[in-house]
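Chains as they are written, first to last, in my numbering: chain A, 1 to 235; chain B, 236 to 470.
To be clear, the hints were calculated from the coordinates, so they are not data collected in a lab.
Under 7 angstroms between C-beta atoms, here's a sample of chain A residues computed to sit facing chain B: (1) I120; (2) A130; (3) D144; (4) V145.
Derived, one-sided and incomplete: chain B residues facing chain A with beta-carbon distance under 7 angstroms: (5) I355; (6) L364; (7) A365; (8) I386; (9) F403; (10) L404; (11) G405.
Derived DSS-like pairs (lysine-lysine); straight-line CA-CA distance at most 27 angstroms: (12) B:K351 / B:K372; (13) A:K214 / A:K116; (14) A:K116 / B:K351; (15) B:K372 / A:K137; (16) B:K351 / B:K449; (17) A:K137 / B:K351; (18) A:K137 / A:K116; (19) B:K372 / A:K116.
For clarity, every value in this text was computed on a predicted model and none was experimentally measured.
Beta carbons: idealized from backbone N, C-alpha and C, even for Gly.
Each chain is listed here by its residues.
Number of protein chains: 2
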Amino acid sequence: MVTPRAVLFDVFGTLVDWRGSVIAGLSAFGAARGITADWAEIADGWRRAYRPSMDRVRRGMVPWTILDDLHRDALMEIARRHDIGPLDDDDCEQLVSLWHRLAPWPDVVAGLGRLKRVAIIGPLSNGHLALQVSLAKRNGFPWDVTFGADIFRHYKPDAEVYLGACDFLGLAPDEVMLAAAHNDDLAAAASFGLTTAFICRPAEHGPATGDRAKPSGPWDIVADSVGNLADRLGG
Amino acid sequence: MVTPRAVLFDVFGTLVDWRGSVIAGLSAFGAARGITADWAEIADGWRRAYRPSMDRVRRGMVPWTILDDLHRDALMEIARRHDIGPLDDDDCEQLVSLWHRLAPWPDVVAGLGRLKRVAIIGPLSNGHLALQVSLAKRNGFPWDVTFGADIFRHYKPDAEVYLGACDFLGLAPDEVMLAAAHNDDLAAAASFGLTTAFICRPAEHGPATGDRAKPSGPWDIVADSVGNLADRLGG
Numbered sequence: 001m002v003t004p005r006a007v008l009f010d011v012f013g014t015l016v017d018w019r020g021s022v023i024a025g026l027s028a029f030g031a032a033r034g035i036t037a038d039w040a041e042i043a044d045g046w047r048r049a050y051r052p053s054m055d056r057v058r059r060g061m062v063p064w065t066i067l068d069d070l071h072r073d074a075l076m077e078i079a080r081r082h083d084i085g086p087l088d089d090d091d092c093e094q095l096v097s098l099w100h101r102l103a104p105w106p107d108v109v110a111g112l113g114r115l116k117r118v119a120i121i122g123p124l125s126n127g128h129l130a131l132q133v134s135l136a137k138r139n140g141f142p143w144d145v146t147f148g149a150d151i152f153r154h155y156k157p158d159a160e161v162y163l164g165a166c167d168f169l170g171l172a173p174d175e176v177m178l179a180a181a182h183n184d185d186l187a188a189a190a191s192f193g194l195t196t197a198f199i200c201r202p203a204e205h206g207p208a209t210g211d212r213a214k215p216s217g218p219w220d221i222v223a224d225s226v227g228n229l230a231d232r233l234g235g
Numbered sequence: 236m237v238t239p240r241a242v243l244f245d246v247f248g249t250l251v252d253w254r255g256s257v258i259a260g261l262s263a264f265g266a267a268r269g270i271t272a273d274w275a276e277i278a279d280g281w282r283r284a285y286r287p288s289m290d291r292v293r294r295g296m297v298p299w300t301i302l303d304d305l306h307r308d309a310l311m312e313i314a315r316r317h318d319i320g321p322l323d324d325d326d327c328e329q330l331v332s333l334w335h336r337l338a339p340w341p342d343v344v345a346g347l348g349r350l351k352r353v354a355i356i357g358p359l360s361n362g363h364l365a366l367q368v369s370l371a372k373r374n375g376f377p378w379d380v381t382f383g384a385d386i387f388r389h390y391k392p393d394a395e396v397y398l399g400a401c402d403f404l405g406l407a408p409d410e411v412m413l414a415a416a417h418n419d420d421l422a423a424a425a426s427f428g429l430t431t432a433f434i435c436r437p438a439e440h441g442p443a444t445g446d447r448a449k450p451s452g453p454w455d456i457v458a459d460s461v462g463n464l465a466d467r468l469g470g
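Okay, chain A solo, but in the shape it has when bound (with noise of 0.2 angstroms):
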């Protein structure tokens, strides 16, 4: 295939391993605190609660919400359902940016600076741009362009984002690849044009990941790492 002129990622997953860095950061939370519970789990549903509280501001049920206070309220719930509160207004926001100090999988930097050499690379992600500039800034992700969801002020899989991005750099969407470990997004970015490649990520829901981290649609790349879809770009 002709190499495309931007590679957008997904973050959540595709480049950053959310569970097991959130479950690291609530296990070290709980420690200092003296608190027992079962950290993956809260992990796993503090994750669960993401796409209904997005689908809620994707329909308008509530105006436009960064992240970071979807995270906030769902924090509150689950604490609750677990018990591990009260928490404070500084635990919410120590918790809630454990999200913004998530680890990379080991492949993610090199990947990314070899395909910066044959295409734009960015983030398109449903994180907000403060939180894009943290993961990358902590992280060394050599972004060429920064993309949050508050640009677009939408959620994926609206098409305002994967459109909206192809516009801003002035690109065709089939000038532009979208490169994600979830069949979904990809699924969405392929009905507006966009090229598509599915990178496995067999750990990311840890020991439950199964098939979601199986390509389930006729993406133009399969690839096992960011380094691989860059060999496979000519990176």
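Model the placement of chain B on the given structure of chain A, informed by the hints.
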């Protein structure tokens, strides 16, 4: 002073030598076509059209228009006036794209690399995002965040640009510094609560630069290069 959390840069004149680059590009175009003209005067005239054309957008006299399109309209007018036409669409595209290929002042890339160690760095320019990506990619500007005027759909000195950038970063205005070679840009930034750094660029307008390269306000820092700014901020 306290190191700002983010340092945002004006680009044309502050980081890149638009005049030298545009004169060189126009001269090469003329040489290839056998056209003789005062390319420096044409470059200066092209740039003089910049502020009035943006002001028509700022006042709502024309709808939101990106800089490539403002540049194209101004070019057509200047080509008529200097009798260097007719320019066809390809000519126009080639010449408008000169603004995507401007060369940096010699201190910029190393200075940004040092500043990046102590602060979030990014462009805050009237160029659109695609143009910023072109300049960064070509010149190796190591941005942490990329703003373009089209993200705000406003041109400086509108408040929406300066305060919009702070808001996207999740920072208070006094945590953000604007670095620019232009007193009017810094005056606007300061009026909205940002801190300010004047970068002296005595060659921006060629021999006619004069006092425009001198600071005329109570700026927090006055520096003669991005490296010098990095020195002052501990980078």
